Amino acid sequence: MSEILEANYNQMKSYIERNQFPFSEKTEQNCKRLDVQNGKSKCVVKVYGTGTIQLQGAECKLKEALSQAKDAIENEETIGEM
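Throughout, my numbering is defined as the position within the sequence shown, counted from one, plus 164.
What the hints contain is simulated information worked out from the structure, not anything from laboratory work. You may find that some hints are simply not true.
In the PhoX-like style, the derived pairs of lysine-lysine whose C-alpha atoms are separated by at most 20 Å in a straight line are [what the hints assert, rightly or not]:
| # | residue 1 | residue 2 |
| --- | --- | --- |
| 1 | Lys190 | Lys206 |
| 2 | Lys206 | Lys225 |
| 3 | Lys190 | Lys225 |
| 4 | Lys190 | Lys177 |
What follows is a list of derived Cβ distance ranges for each label pair [to be verified]:
| # | residue 1 | residue 2 | range |
| --- | --- | --- | --- |
| 5 | Gly203 | Gln232 | 17 to 23 Å |
| 6 | Glu167 | Lys190 | 18 to 24 Å |
| 7 | Ser231 | Pro186 | 16 to 22 Å |
| 8 | Ser166 | Gly203 | 30 to 36 Å |
Please read these numbers as outputs of a predicted model, since none were measured by experiment. Glycine residues also receive a C-beta, built at the ideal position from the N, C-alpha and C atoms.
The task is simple: from the sequences and hints, build the whole structure.
As structure tokens, then:
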């Protein structure tokens, strides 16, 4: 695993845990995956070896929150408490 993948994955996982979103982890061929749920909303977060974070799922408040975290991580900003 690349260093940037681990760093970005750990930051995204930490954000999800701090917000107490139920999630499960999976390792896929070329990425690490987090399946996140909040109520009826579900999103898939994939972190690739290049550091790219991809969000999948319907538009909802959960995806909006994860998107803000994704942007902060990819721009090397601190997430803080959003």
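query: Hint numbers the structure violates, sorted upward?
result: Number 3 only.
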